Amino acid sequence: MAALCEEFTLCGLIASAGAGAGPGVLGLAPGPDPDRVLLTDRGRTATLYKVSDQKPLGCWSVKQDQTITCPAVCNFETGEYIAVHDDKVLRIWKDEDVNLDKVFKATLTAEVYRIHSLPHTEPLVLFKGGAVRTLDALLAAPQQEIENVISDEVIRWSEAFMETQQPVLIFTTEKNGNYFVYVQKVNPNILHKYKLEQEESSHPLSFTAYTKNKILTLLCLYSNGCVYNILMSPQQSVPEEEQILSKSLLLKIVVSDTVLKGASLAILDKDHVAVLGCLDSPPNIAKECLSIWNTKFQTLQTSKELPQGTSGQLWCYGEKFFLTHGKVLTVIVYKCETSSLAAAVGKLKDTQTSGMRTVSSYVNWNMLPEEDLASPHAQQSVTAKTESKRTLRSRRNNVAKVQRDTLTVEQLLSDIKDSSQNDIEEELRQFLSNAQMSDFQTTIGYIITGLVNRCKTEPTFYPRNCLVQLIQTQGLSYSLCPDLMAVALEKTDVHLLQLCLQQFPDVPEAVTCACLKAFLSINDDSLQGTNVNLDSVISYMDITLNDQVKKQTETVQNGFSSELMEEDSCDIHLTPKPHVVDTEELCPIGPQKAALLNAILRSAYSETFLLPHLKDLSAQQVILFLRYLQYLYIKCSENVSMDFPGMLSPTINQIMDWMCLLLDAHFTVVVMLPEAKGLLFSLHKFVRAQVRFYSELNKIEGSLQELQRIKPQKDFGLYSIEMLELV
Amino acid sequence: MGEFQVHRVRFFAYVPAGIRCVAHSPRSARLALARTDGALEVYNFAANYFQEKGIPGHETRSTEALCWAAGDRLFGAGLGGDISEYDLEKLRVKYSLDGFGGPIWSMAADPSGTQLAVGCEDGSVKLFQVLPDKIQFERSLDRQKGRVMSLSWHPSGTRIAVGSIDLLRVFDVKSGHAIQRILVDRRLQGLYSRECVVWSVAFLSDGTIVSSDSVGKVQFWDAEKGTLLETHPVSSSAVLCLAVSEEEDSIVVGTSEGAVYQFQLLPVKWGSAESKWVRTKPFQHHTHDVRAVAHSATALISGGLDAQLVIRPLMEKVHGKGYDAALRKFTFPHRRLVSCAKKAGLLLFQFPQHLELWRLGATNSAGKDGDILPVSRAPEHLLQLKSKGPEHICCSCISLCGSWIAYSTASRLHLHRVHLENGSVSVKRVSKVPKLLCSAHQLLCSADSTRLFVASDQGAVHVLKLLEPGGCGHLQTLRPNSGSAEAVYLLAASADGDWLAAAGGDWEINIYSLRHFKPHCTVPAYNCAVTALAIHPVTNNLVITHSDQQVFEFSIPDREYTTWSRKVQQHGLHKGWLERDMPITHITFNPKQPAHILLHDTHMFCILDKSLPLPDDATPLMNQTSLKQLSEKARRGHAHAFKICKKYQPLLFVDLLEEGSLVVVERPLMDIKTQLPPPVQQKKFGT
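These protein sequence lines map, in sequence, to chains A and B.
In case it helps, the working numbering puts the first sequence at residues 2 to 728.
In case it helps, the working numbering puts the second sequence at residues 2 to 688.
Hint data in this document are derived by calculation from the structure and do not stem from the laboratory.
Everything numeric in this text was worked out from a predicted model, so none of it was measured.
Hints are not guaranteed to be accurate.
Unchecked claim - Here are the simulated lysine to any residue pairs, SDA-like style, with alpha carbons at most 20 Å apart:
no.: 1; chain 1: B; residue 1: K648; chain 2: A; residue 2: K194
no.: 2; chain 1: B; residue 1: K466; chain 2: B; residue 2: F518
no.: 3; chain 1: B; residue 1: K647; chain 2: A; residue 2: Y720
Assemble the whole structure, with the sequences as input and the hints as a guide.
Shown next, in the form of structure tokens:
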């Protein structure tokens, strides 16, 4: 079963100054080793990142007025990097080079579309005219004439791979809505041209290809959400006329009348493809998501919503997805196992080994215990030797990393004071990973106090991930970091607050109330995207229904029902208005808010201290909270066990206690408010029904108890013969 | 040590008759009790509330009122319209006199005990003079309308308070005129009843009249002014009876809901001279109507239609945790109602008007302690003998071989020859039973079934000879040398036929030699009622139990207490044994274990092993369950003489059959309750 695992940010994407291409990535190419990638933005910069460390190793820029037009790639043979700027100027540099102006430069006669670098072979250069040259051939004569293969067609996509030790380049072109596929073999130079079958209503969005058994397979994602499979056999001799490629449907991703926008497709293995795209079905808001599909069984394996939007670009190297998510480049680790029917229907046991493998691919040696350090060091030195041409800067980086291994609290604390948010995050992660110190709690306390202090002094500084990480160590309490929740409240970081309420045993009533107030005042819509833990809500709320619920309650919140004034006995005569009945069944708030309120309900408190703070709530908040409590109470009573399943859901006693407290604190307010009338009435009615029911139960209990007391006397009948021994 | 097959018999469908009225004599510390079937019982409070005398019931006699007068003379009057005096020595009605006023509802003796006032159906109150041998009609007070339900003498003897329907009257005895007429309200808390019956009145020395009525209230009246002093609503149903203590500071009332309440005259304030009647203690020991109450110096006594006599001690009047401090409930007579033909395995049950003969069942399997064995032969109801005439049976017996059945009513002795052959039963009445001058109080057959001993008046025991195939003749009459006036009520014969022991109402035990038909000796007097007697079949030792729970062993041949008995007296019996509240009603022996004495009362049966050490007060008396957990060896160290089994309750009879199995006759109280009429409906919580 394929699954998306960890997600982390590789780097932020700044709207590159200059070229005006807007934010985004021009290209991402694998670096000289599997853990490194080469990122080229739409401006002047190419950056080499170490993925597992989320660190840039090197960064190279062209001059102010220049723009990189072809993403940089790495020549695996030489370890050099190749990029093209201003369409025709080829640059080749190495790790240790600092200034791109001073590196090797070759000006070509035609515009370059892409450079494709493959291991064990020379990079291939694809010109916009469709011609292909190997890099060494090109460098031998940079001013050579480049023929134009395609006439006024525009290249949309290209890819190169090795087929029987021969590099093959495949690219697609478009002209007036017609798509053509070209397959170019370099040695010997053979070019095949195919025409893609035309589709009426949709057009291709993304291509990807692979080769197997000398057959090229082109996968094409269309805007109607279908993935087509196109087979080609470039072995054949060049035919005279243009061949039309027939396509077969491999996968249908979306239901009808939704349109896929800005999508891209990636092949993970023979049975899995990943699709990144924006599904736009008119009534709903378009949502972008990354999903992995099994083509064999036509099943969706996993999916992740990307609420902050993507650029529709997806790269996939070494079991990691690289994509832009909002203003950052996000790395999502995935694992993809050989699909089987058992796995597809969810019957295959999740083998631990595969998980371990994916973990080890990015968990670096810093995580290893001290005594095991010898071999990673050796490994490190080997890589250092093989890449002797590395820049000094990256080496320095390495040294720093080794030092960090013996990072002390003092260092970390001092770092917290001045380092950047990302650095602190990184350091903290390492620190926590080998944290087996005796005074763990105190240390954590120091760290979090340091962080919070900096947060207070520096308004822009808010290391959210760090804080979450620290809270999740479960070693914290409110008294260890009294200001943390205040800061979180200030930033309205509801997720953090929820965590705090769940983890801290000693949250003061005043803070609990402040949280309650904050939660009640947040708009449900603004909570939509936050990653609040919804575990406590799942058991009784259908999260997908939420939209509908909100609409329903809005009508009632200000509404008035003539029925409210009536005695409950009148229900028989009056036909109850349907939406009033619904209020009791539908949750007045969204699941995120409900989860937050549940955290409040579950927190410890003392009535005497809580009551004065509860009085601070506004009338509307009280009504809303009361409505939610009533909803919970009714939901709870529906269960036979009178409790919700699961650890985080509030118990019926907690619900009732809070209800009593709230009514106590705001009795006069609630009595006076016209909109509370209906609520109080239905609540009273429900409670009265319950009391009546329980008094009946009481009676039964009394009778049964009486029966219990009358011990059933053993009936011996009128006559029996028994044995009796007196000793 | 002792393993028995126990025949657990529950088919003795005996239902004791309800209690109709009681009369307490503070002077003699005795309580007379009349039952609804006309039977009379006398309990001696001095002898641990032992029922020392009983006069069998009579079909036509229903006693509504009892009173002690002129010393220890007991009078009764009933709906038959007769006033009777009971002969407590000969245990029968001495004489009866028609009151000529219709059914008599109430009777009271004046404080001096020389006059009886009788309240009649026709509304008259008649005065009778108590003469040494008889009573004589003196005069009637002014006749008024309405039956006289209750009456009470003023302690001065000059006035009588009379309770009628809706009315209370006060009569002046000298003039015979009604000097006060008080209307009793029919209402209680807004509820109208059809009529208000004043069930009971009491005239206190300060001129206060206390009345209890069918509406459920107890009221205090001023007899001079005829005004109501206090009203105490007690019950939603009738308050049937009331009794005042001698000091007139406490009143007990009984209601038809089975509850008994005490009223006490208490000072309004501490040290204040003003006092007020306050309802203090409620007791609910009865399930049915409490028809009779009495107030002794230390206890409240109540008797109800559920046949229970309840003696509830007043804790403030008794000191320490003694015998007097225990609540006791008597349901069954302190007499043997069952006799057993040990050799034949037959049981004879005595009912008021008939006898039942049953053959015990059998089993052919064995088991260990606690097992219930499969019954291979079910018990069999062989015979029912109905007595003719209105008189109830007073005693009965069956010979050990089961071939003779004798029973007696107040006036006649009946003897039957029973033939049991191959399962068929034939019974033949012996026609020529010698006409004895007096009634039989106890019957006993000799071990060889050749003689019948008849306990009679004045300490006499008649010996009849039983003749085959079915006849009898008077052989001898044994009389004590001392010339007692009391009737004999207990008999015991030795297995070898040589000795007969007889205990009479004066608690003297005479031993007669049957070989010579003359008194052998008298057991040294012990001033407590004898509850059971038996002669050991091997040693001819007489075992005697008294109502104070003492056990004596008297050697008949040696005419002295045995060494074991002396040892017991020196050592003293266990406290737990002495504090039991029921008398031992039957003693039997195990011929295979000469050292064993089997005794039983209503709540337990006990094997008294003379060979074992007596327990002292520190060791628990009831030690069977703990002993059973010990090893054989350890048991020896802990065992003591009293081996008590409380498994069977309430126990009417225990005997050991010849083949060694025990017969246990139980009569569960629940079975009796189901026979009683439904009580007054009472709302119980939760129903």
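Problem set entry | Unmet hints by their number, sorted upward, for this structure | 1
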